[in-house]
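Chemist: Okay, here's what each chain looks like letter by letter:
There are 6 protein chains.
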Amino acid sequence: MLGETGLYVTLDEHPDHVKRNLQSYDWDIDGMEKKGKMLFIDASGLRRTGGESDRLSPYGGSVTDVSGFTELLKTINKVVEGENVRRIALDPVTSLMLRYVEELKKRRATVAFFDALADSGCTSLITSELKTSLMDRRFQLEEFLSHGVVLLHTLFHEGNVVRAVQIEKMRGISHDTQIRPYQFGVTGIEVFPRDKVF
Amino acid sequence: MLGETGLYVTLDEHPDHVKRNLQSYDWDIDGMEKKGKMLFIDASGLRRTGGESDRLSPYGGSVTDVSGFTELLKTINKVVEGENVRRIALDPVTSLMLRYVEELKKRRATVAFFDALADSGCTSLITSELKTSLMDRRFQLEEFLSHGVVLLHTLFHEGNVVRAVQIEKMRGISHDTQIRPYQFGVTGIEVFPRDKVF
Amino acid sequence: MLGETGLYVTLDEHPDHVKRNLQSYDWDIDGMEKKGKMLFIDASGLRRTGGESDRLSPYGGSVTDVSGFTELLKTINKVVEGENVRRIALDPVTSLMLRYVEELKKRRATVAFFDALADSGCTSLITSELKTSLMDRRFQLEEFLSHGVVLLHTLFHEGNVVRAVQIEKMRGISHDTQIRPYQFGVTGIEVFPRDKVF
Amino acid sequence: MLGETGLYVTLDEHPDHVKRNLQSYDWDIDGMEKKGKMLFIDASGLRRTGGESDRLSPYGGSVTDVSGFTELLKTINKVVEGENVRRIALDPVTSLMLRYVEELKKRRATVAFFDALADSGCTSLITSELKTSLMDRRFQLEEFLSHGVVLLHTLFHEGNVVRAVQIEKMRGISHDTQIRPYQFGVTGIEVFPRDKVF
Amino acid sequence: MLGETGLYVTLDEHPDHVKRNLQSYDWDIDGMEKKGKMLFIDASGLRRTGGESDRLSPYGGSVTDVSGFTELLKTINKVVEGENVRRIALDPVTSLMLRYVEELKKRRATVAFFDALADSGCTSLITSELKTSLMDRRFQLEEFLSHGVVLLHTLFHEGNVVRAVQIEKMRGISHDTQIRPYQFGVTGIEVFPRDKVF
Amino acid sequence: MLGETGLYVTLDEHPDHVKRNLQSYDWDIDGMEKKGKMLFIDASGLRRTGGESDRLSPYGGSVTDVSGFTELLKTINKVVEGENVRRIALDPVTSLMLRYVEELKKRRATVAFFDALADSGCTSLITSELKTSLMDRRFQLEEFLSHGVVLLHTLFHEGNVVRAVQIEKMRGISHDTQIRPYQFGVTGIEVFPRDKVF
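Protein chains in written order, with our numbering: chain V, 1309 to 1506; chain C, 1309 to 1506; chain W, 1309 to 1506; chain S, 1309 to 1506; chain D, 1309 to 1506; chain L, 1309 to 1506.
Please note that a few of the clues may not be correct.
Any copy, or any two copies together, can satisfy a pair, since identical chains are not distinguished.
Said to hold, decoys possible - Below, computed lysine-lysine pairings styled on DSS-like, alpha-carbon distance capped at 30 angstroms:
hint, residue 1, residue 2
1, 1477, 1439
2, 1342, 1327
3, 1504, 1345
4, 1504, 1439
5, 1439, 1414
6, 1382, 1413
7, 1343, 1439
8, 1382, 1342
9, 1414, 1477
10, 1439, 1327
11, 1439, 1413
12, 1327, 1345
13, 1504, 1477
14, 1343, 1386
15, 1343, 1327
16, 1342, 1386
No lab work stands behind these hints: they were computed from the structure. The structure presented is a predicted model; accordingly, all values stated were derived computationally and were not measured.
Required output: the full structure, derived from the provided sequences and hints.
Modeler: Structure (structure tokens):
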């Protein structure tokens, strides 16, 4: 696990912004990048184009959708094979899904994307932005398509905001089903596995 | 019941993945498969195609919907008759329903599918992914079409997550109407039939 | 009342299934059927066809909607007149309403159906499947069209599931307005008219 | 007030049914009708036709909408003028509004209907069927168009069902703003003006 | 402030009805009207016509929308300039917004209307009918376009109905942010600025 | 930070109104404007035009959308470069988003707008009007596109209104995650960083 090559696909920001945001953690991203153990693909341009029609674009420049989407999958596959990548982080899939308004197109693109990542043989970690209450969760296609789902909650209880983590599914692995408080520390997300949220 | 031949139709994953996920249980799936008592149909390819139009497909390959859907029913029937199958597990019907966006088409395909399973004479166990709160349940066609409905809840109460099971309907059989806590054990789902959820 | 001829119209299941499901009750359905006091109409085939267009059918066979719907009304009327039926049970009207997606068509068919039952001069008991919370009831056309509405609730209170019955309306008859617990017993639904639900 | 002529327009049921339902009250409807002080218009036929298109009708007979609607207004006006009617009861306006699915048409017909009643110079009492919770009331055009709104609630509190009445608006008249329990008695609705609902 | 000329634009009722409804208050509306300090515009006719198409009108008479709408703005401007009006009351803007079903048209007409009132240089008081719970407020264009928003609530708490007022925004003016009980008295709305609602 | 040139883009009101509204604070806006340290762009005209079609405009004058939108971006860029602007306040982005009804167009214009501000190299502060409850937050594109999100809440708790501030995200900066009470004072928003909201 340590020592394996990882690929970070940024869909919202330029990799330089991502790296700068991660500087508050005790991770040697630069060192890993220099050793070729950490690779970045900048896919933030995809967000600026819509997946359904180029005629709707309110401003000049245009990247055709299918090629952009297909190209991203091809680029990921090429990097994975050429650099022996074993882990992929994709952040956030929300950018990709925002390209589509029509339900069926969004659904097919999402299925195609998750299938492509699964076919790559890598372990993929995908982030998705949700804004729903703990008690009113709805069906989310990206959760349905994943083998594991970890939820990061922002709970509000008796005047306090509590950040909590919950493993909702993790196929084939027995795991803690409770919801646990966490905080951001210099080593990353610190979970308090014996504490209750309130 | 024990000794009867069962058929597992996987709609989301390849049967190999399903078997691997089941390894944490004390079930001799491999042994049953070798004796011909446990059969698998891989229908995970259906998820990748949409039921309404092939023109919408965002990537090359295409399986025509009607043939795919009809073919699945034919394959199930052939295996059921040829192998004297008495029990069918279908997991999850959600994959099938995601193929349709138009309400009427989805409804007809679902009715056709449940009728075909009923006509097979087998006892079928069908899983469906829901994300609704306990207090805000809506009409679900797949529940309406089933003779029995068992709900697996993830409840959140005073800072604790509780997994609970509820038999919502079981036609012609008197049953416990309470909601009961459960956990995953090595023998499968372990229900605590005398405990309350909180 | 006892001694009057009754008609059971099954819209979801074959009458044989319905009779089998009723075997846990102390009712002599077979005896009544032999004496011609209990009649059955199997209308479960209607569910398989949609009310709006035959072109949408995802599988071969097709029963045209209008004829199917009109035919059911005609058959009911013929049996009512020929056999001097005084009571009709129709179970469930949900199957009929699922035939329609377009709001206006569903509404008109429902009005036509309730009017036809009212015109028959019989007392009709119609079941409908709802999934709504006690506090978030919406307008339901079938309730509006009925002279009486009896609700069967599944309440969840402090970790317990409670089955409760409520008479929401019963035109021209003064009745208990409270919500009361009930259970299924060998004589049918047993209501506890002096108990509170919690 | 007593002694003035009243008109009861029935939109859901035949007047005979309405009179039968009112027999549990100590009101001499028959006497008043014989003296010409109580008149009935049977407009229950309007419910069976839709306001938007005759082509959609799932069964034979058809009453054209505009004429049906206009005819009702004309009949009401003729009776009001010819019989010196001062009070109109219209029960329920829901039947009229169900004729329309398209929002703008429903809105215009409703405005036209309320304006016609206002122009008649009579005091009109209109019933409308709502199913909303006390805390989640939405904008209702028929309430907006009325000078006074009286709500009949069915509240559920700690296991009890409580029927309560609330005057939500009564233009130009100062009134009790509290919500009060009521019951049906032989003289009509009996309000307990000093009691709280719970 | 006292002594300035005011204009009351009635969009729902005839000015005579409005004046009659205000008689329970100790205001000398008639005196002010005679001195030319209080003016009325009857725009209740606008409600009867729809803003989108005349073909939809279910009854004869028709006022074309654009002219009706533009005419109202012109009339208001003419009266404001000719009579030196400094204050405008417009009651209720809901009537105007009900003319539109299509979202964009309603939005543009509302913006145009609020801009015209702002351009008149007068201080305008606009009423709007809302039916939303205190905890589930949504974005309302008319509130967004106003410099100040005062909400009149009908709260339900432990069996009591409480009428309360809340200043939600008042640009450039520091104000009480609490929610306060009020009642209708002979001098108008009486707020209890030191009381809590419960 | 102090001493850097700022640009205030007003989308809802004329800059003069904005300055007048800010007079209750101890800020020397006029002085800063005279020294060229505070610049204003009046973009309130954009709100009056819709982004989708000029044919819908209910009144005469018309500014074509694309040019208006593109022109705003060009003007901002010109001022930023010519005056060495380092900070931009844009108030409120809601006006811009109201120009669009069609989901995809609104989404693309919003992405284009946020990208243009990011490309300017300035730190931008953008206000947006939301009306959602604390417990029922939904996905908001403008929050997703921002590096930091600060929420101003109006909470209602036990009869009291409490204004509270919450930092929901601030990329790359560790911050207080609690929700804190605030009030408007002469120096601006005063947060009580050690207090709880209740």
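Chemist: If a hint holds in the structure, say so; if it does not, say that too.
Modeler: Results for each hint:
1. Taking the shortest Cα distances, residue 1477 and residue 1439 sit within 30 angstroms of each other both inside one copy (19 angstroms) and across copies (13 angstroms).
2. Taking the closest pair of Cα atoms, residue 1342 and residue 1327 come within 30 angstroms of each other only inside a single copy of the chain (13 angstroms); across copies the shortest separation is 40 angstroms, beyond that limit.
3. Taking identical chains as interchangeable, the C-alpha atoms of residue 1504 and residue 1345 are never at most 30 angstroms apart, the minima being 37 angstroms within one chain and 45 angstroms between chains.
4. With identical chains, the CA atoms of residue 1504 and residue 1439 are at most 30 angstroms apart both within one copy (22 angstroms) and between copies (23 angstroms).
5. Proximity of residue 1439 and residue 1414 under a CA criterion of 30 angstroms is satisfied in both settings, with 19 angstroms inside one chain copy and 20 angstroms between copies.
6. For the identical chains of this complex, residue 1382 and residue 1413 are neighbours both inside a copy (20 angstroms) and across copies (29 angstroms), given an alpha-carbon limit of 30 angstroms.
7. Taking the closest pair of Cα atoms, residue 1343 and residue 1439 never come within 30 angstroms of each other, the shortest separation being 38 angstroms inside a single copy and 44 angstroms across copies.
8. In the homo-oligomer, the alpha carbons of residue 1382 and residue 1342 lie at most 30 angstroms apart inside one protomer (24 angstroms), although the nearest pairing across protomers, at 40 angstroms, exceeds that limit.
9. Within a single copy, residue 1414 and residue 1477 get their C-alpha atoms as close as 23 angstroms, and across copies as close as 27 angstroms, so both meet the 30 angstroms cut-off.
10. In this homomeric assembly, residue 1439 and residue 1327 come within 30 angstroms of each other (Cα to Cα) only inside a single copy, at 25 angstroms, whereas the closest approach across copies is 34 angstroms.
11. Taking the shortest alpha-carbon separations for residue 1439 and residue 1413, both the intra-copy value of 22 angstroms and the inter-copy value of 22 angstroms come in at or below 30 angstroms.
12. In the homo-oligomer, the alpha carbons of residue 1327 and residue 1345 lie at most 30 angstroms apart inside one protomer (15 angstroms), although the nearest pairing across protomers, at 33 angstroms, exceeds that limit.
13. Within a single copy, residue 1504 and residue 1477 get their C-alpha atoms as close as 19 angstroms, and across copies as close as 24 angstroms, so both meet the 30 angstroms cut-off.
14. Taking the shortest alpha-carbon separations for residue 1343 and residue 1386, only the intra-copy value of 19 angstroms comes in at or below 30 angstroms, while the best inter-copy value is 43 angstroms.
15. In the homo-oligomer, the alpha carbons of residue 1343 and residue 1327 lie at most 30 angstroms apart inside one protomer (16 angstroms), although the nearest pairing across protomers, at 38 angstroms, exceeds that limit.
16. Taking the closest pair of Cα atoms, residue 1342 and residue 1386 come within 30 angstroms of each other only inside a single copy of the chain (20 angstroms); across copies the shortest separation is 39 angstroms, beyond that limit.
The structure is inconsistent with the numbered hints 3, 7, although it conforms to all the rest.
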